[in-house]
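**Student:** Numbering (the numbering used here), first residue to last: 1 to 496.
It should be emphasised that the hints constitute simulated quantities derived from the structure, not laboratory data.
Backbone N, C-alpha and C fix where the C-beta goes; we use that ideal spot for every residue, glycine too.
Among the hints, erroneous ones may be present.
To be verified - Have a look at the derived ranges for each label pair, beta carbon to beta carbon: (1) S462 x L212: 50 to 60 Å; (2) T463 x K114: 31 to 41 Å; (3) N249 x I50: 54 to 64 Å; (4) H262 x M318: 18 to 28 Å.
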Amino acid sequence: MGGLAFRLLLLPFLAPVATTAVNPALRALASLNLQIFPTFQPEEANNYSIYYFDQKIDHFGFYNTKTFKQRYLISDKYWKTYDGVILFYTGNEGDITWFSNHTGFMWDVAEKLKALLVFAEHRYYGESLPFGDDSFKDSKHLNFLTSEQALADFAELIRHLKRTVPGADGQPVIAIGGSYGGVLAAWFRMKYPHLVVGALAASAPIWQFEELTPCGVFMKIVTEDFKKGGTKCSESILRSWGAINRLSNTGSGLPWLTRAFHLCSNLNSEDIQRLKDWLSETWVNLAMVNYPYPANFLKPLPSWPVKEVCQYLTNPYMSDSLLVQNIYQALNVYYNYSGQTRCNNISETTIGNLGSRVWGYQTCTEIILPFCTNGVDDMFEARSWDLDKYSDDCYKQWGVRPRPSWVTTLYGGKDIRSHSNIIFSNGDLDPWSGGGVTEDLSDTLVAVNIPDGAHHLDLRPSTETDPPSLQLARSVELRHMKQWVSDFYGNYRKQP
């Protein structure tokens, strides 16, 4: 989900009402684990040691005994073996060093918690490749890329650390993750409660699955973000689709649109849907990175970039050509805020180095997240969710078909009250919050909501400009984690 090699997969997964579409929301899945920070102290974040652990390729069978090297990172700068804690990052779909360098919250609280920091790489990402260069060869080699196998990796790694790191055996462990990593942190606490005393699941859409969350919620939240950005902003975007359609059908429309959007290559009639999907994905990305201070990760962006964009989209009722020109000016905030971009490539909305290729396999097997739009409750062209078409597209690309009910069968649906000690944090501006836990389910399954917060804002490093609501959210999270640690030592030291 959270982060990916940002050229998100191009599987169609929304069935358009009238035309074939590349799905912008699925491509946004590749941004599910985004960790975007305005500033960072690499000398602090990079102060780790790199290790490798021999993991079984298949934890759930006995025939295949082969292993692979799972990479993990450790920092012990603030660790105290008497009363400390192990903060265990459940790696997402990307290179673990990237997550280590961009999960500032863990580095910020390490001293307060006397914590050993561990960042575990997810199998099939970064350097943790079960079959080396052949890992992505075909569906046979990808068959061991599942959340269950990844969680088992984390479990085995924790057991290994307890056995081999002096002082670790008698320490509590807390799982931490954001986006897909946050989902894994929550699932890990559910499946292996004897190994972790609790979990912080930031922006973790554990309910963005079949029959748990309406398919239109994600794009509706994106639209609400743009409504907040400007009075007529979302309406201007909604009317732009018709303007583009009409202009593309005129004699000089395609070359005019090419020039208007400053595209790197000429449009043909087959490219119009790709153009609109590129625009849709851009609006989605802006909603996710709508932070209160300048950020420089996906693209160099100003503070509150959605508000900046909406300055150009104040009148939806002008001529088609003028509306499209205003859309371009709005796009320029995202694609050319630094003034360095010479032309726009509709095959790209982001830059990055995460693993979108194999994330596509995961979203075609277990991680099936339905999306739809209707053009009424949202600012996008109407498209329905078509599981059959989605399945056919997955089969064409990977030779596999999705199992949309498996995640809820394996991890449970909305009734997870038998579990405990999980913090679910969400920002109100984050589209993924629609599939997240935003209300307390019990005294120990708690929701932390951050007004005006975008995608896992709380996992970013602290800054002097952090709003009070964010500071409060982090203090609540830290208070719960301290309580888990205290409870652990209270019980542990009572034992004979």
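**Student:** Return holds or violated for the Cβ distance of T463 and K114 against the range 31 to 41 Å.
**Tutor:** violated (24 Å)
**Student:** At the C-beta level, are N249 and I50 separated by a distance inside 54 to 64 Å?
**Tutor:** holds (56 Å)
**Student:** Against the range 50 to 60 Å, how does the distance between the Cβ atoms of S462 and L212 compare: consistent or not?
**Tutor:** Since the Cβ atoms of S462 and L212 sit about 33 Å apart, the hinted range of 50 to 60 Å is violated.
**Student:** Regarding H262 and M318, is the given constraint of 18 to 28 Å on their beta-carbon distance met?
**Tutor:** holds (20 Å)
In summary, the structure is inconsistent with hints 1 and 2 from the numbered list given earlier, while agreeing with the others.
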